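Working from the sequences, and respecting the hints, build out all of it.
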Amino acid sequence: MKAVHDTWIVFRRYFGRSLANPLYMGVSLVQPVLYLVLFAPILKSLATLPGFPDGGAYNVFVPGLVVQLGLFSVTSGGWGLIAELKAGIVERMRVTPVSRLALLLGRTLRDIAMLMVQAGLIVLFAVPFGLTLHAPGVLLAFVLVALIALLMASASYAAALAIRDENTFGAIVFSATLPLLLLSGVLLPMSLAPDWLRTVAELNPLTYAVDAQRALFANHVGDASVLKGYLVVGLLGLAAVLAAVRSFGRAVA
Amino acid sequence: MAVAGVDLVVGPGEIFGFLGPNGAGKTTTLRMLATLLPPSAGEARVAGWDLRAQPDRVRERIGYVGQQGGTDRGTTARSELSFQAQLYGLGARAAAARASELIAAFELSACADRPIETYSGGQRRRLDIALGLVHRPVLLFLDEPTTGLDPQSRAHMWDEVRGLRQAGTTVFLTTHYLDEADQLCDRIAIIDHGRIVSEGTPDELKGAVAGDVVTLGMRTGNGQRETALGVLRALPFYRDHDQLAQDDHRIRVYVDSGESAMPAILRALNDSNVVVDTVSLSRPTLDHVFLRQTGRSLREEVA
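Protein chains in written order, with this note's numbering: chain R, 1 to 253; chain Z, 1 to 303.
None of these hints come from the bench; they were simulated from the model.
Mixed in with the good hints there might be a few duds.
Straight-line C-alpha distance at most 16 Å; calculated EDC-like pairs for lysine to aspartate or glutamate [to be verified]:
| # | chain 1 | residue 1 | chain 2 | residue 2 |
| --- | --- | --- | --- | --- |
| 1 | R | Lys-2 | Z | Asp-56 |
| 2 | Z | Lys-206 | Z | Asp-179 |
| 3 | R | Lys-2 | Z | Glu-60 |
Covered stretches of chain R, as calculated for chain Z (at least 3 residues, CB under 8 Å) [stated by the list, open to error]:
| # | segment |
| --- | --- |
| 4 | 82–89 |
| 5 | 94–102 |
Here the structure is a predicted model, which means the values were calculated and not measured.
We put the beta carbon where it would ideally sit given N, CA and C, even for glycine.
What follows is the structure in structure tokens.
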């Protein structure tokens with residue numbers, strides 16, 4: 001399969017470029033680490049409140065943090081794509097017989113791998129604070145992390161290809177991520193929210209991702225929220241991939 | 001529409017140049033021929049394959065170097081070359097070997113393992129060309145290969161291009177430099193507003209402009225221009241003249257054997273009381289060809 005082989009080649013290049021830039025990776029980890037150190041302790045006193053999900057403060061907070069990381073670090077992929085389109089880098093690759101699909105999927109795969117690495121580091125970092133890891137749950141949680149990255153990266157590329165301007169793209173990403181974040185219960189569980197806010201949050205796909213992650217980190221593998229989270233993220237991910245493939249195909253004919 | 005209609009044949013092993021002002025449709029045509037832009041109509045065989053039906057076959061046999069090159073400034077020449085070779089289907093080891101070969105051939109050994117952002121303009125341009133050659137294409141497209149290079153790097157680049165022809169590669173380049181088209185290219189096509197207005201070897205094109213060029217600088221007000229043109233037209237060796245702008249204080253005439261014509265011109269104008277301030281004689285250049293065909297000077301368009 002030429003497309004698979006080409007995707008692997010493209011992935012290796014971009015993943016190598018990302019790893020060769022430890023500063024970038026370090027910077028994207030600063031924010032979640034700060035949250036973990038400066039914000040999570042407050043949750044400890046809230047964890048006893050009625051309505052707070054069980055599993056302990058860190059097992060409730062870290063899963064949300066992983067989703068947040070995906071929202072912030074993976075969505076920036078579109079920026080890179082716009083810059084490479086403008087610099088003629090994509091064109092230089094396009095003049096070869098490489099599979100067009102691979103040029104997009106190789107990047108997306110890089111984004112998935114990067115988020116897995118970053119999420120892994122955050123989870124390990126959180127263990128000394130009091131995060132507990134349970135075998136099947138945490139594995140399924142990481143599969144979901146990969147799906148979340150697939151969704152975010154594809155959505156980011158589709159948007160970038162539609163917008164084609166770094167500044168506009170930045171403004172849109174920024175104004176879209178904050179409400180998505182607040183309404184997903186990443187910082188504080190939505191179970192503490194008033195009814196109307198909870199209703200609004202139910203319209204936010206990230207809510208399902210966060211709920212599923214929390215259930216998995218609590219090792220409630222059979223919980224209904226897990227299946228729901230997988231379905232919502234998986235279906236939206238598929239739609240986003242198709243949209244990105246379509247606009248990439250159109251942009252690079 | 002950037003390209004209205006272009007018909008041309010480029011032979012194997014020649015350096016073919018596309019000469020025209022910015023916005024004439026050079027880059028658009030080149031990108032269409034290099035499979036980067038789908039043409040809305042027409043057909044082309046590139047490197048033996050049908051451009052629209054089998055773009056991948058075309059891609060295997062051509063190289064394309066865009067105006068901006070398209071390298072990732074944060075990485076090195078070696079990694080870009082070996083990645084590009086892998087995109088063409090080479091295995092990792094063969095790709096690394098090919099990268100080393102090109103690094104040596106294009107004198108990039110000194111910088112090959114440094115980030116590209118530290119390269120000089122000439123080094124960067126040589127890397128761009130090397131990237132277009134990783135798969136040993138039979139035909140290489142170069143879009144404005146020397147734009148922005150200093151004179152020394154430019155001369156160096158011309159040598160590289162001649163070397164490619166020596167090795168049997170056909171080179172199809174665009175340029176808006178007259179001297180580049182004249183000295184580097186075996187054959188050129190002049191393109192303007194998306195159409196080819198003239199095609200041939202530089203000598204053929206210049207030869208088609210009859211005679212030598214005499215440019216007279218004078219005060220052209222008060223009917224002086226008309227008087228002067230009347231006098232010039234009556235001379236036996238007069239062939240033609242260019243219609244320059246009204247406020248241009250020059251008259252440009254084409255005459256047979258300019259050396260002997262010039263004194264006669266000055267005498268005749270003097271007898272008619274036309275005051276000539278400056279006079280110059282030149283052989284026709286590609287700029288005259290362009291001017292004859294389009295009514296505009298390429299030199300002015302570029303400046």
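Against the structure, the hints:
Proposed proximity of R/Lys-2 and Z/Asp-56 is supported: the alpha carbons are some 13 Å apart, at most 16 Å. Of the pairs offered as hints, the one joining Z/Lys-206 and Z/Asp-179 holds, with about 13 Å between alpha carbons and a cut-off of 16 Å not exceeded. For the given pair, R/Lys-2 sits about 14 Å from Z/Glu-60 by alpha-carbon distance, which is consistent with the 16 Å threshold. Counting residues of the segment 82–89 of chain R whose CB falls under 8 Å from any CB of chain Z gives 4; the rule of at least 3 is met.
By the rule of at least three residues with a Cβ nearer than 8 Å to a Cβ of chain Z, the coverage given for the segment 94–102 of chain R holds, with 5 such residues.
Checked against the numbered hints above, the structure breaks none of them.
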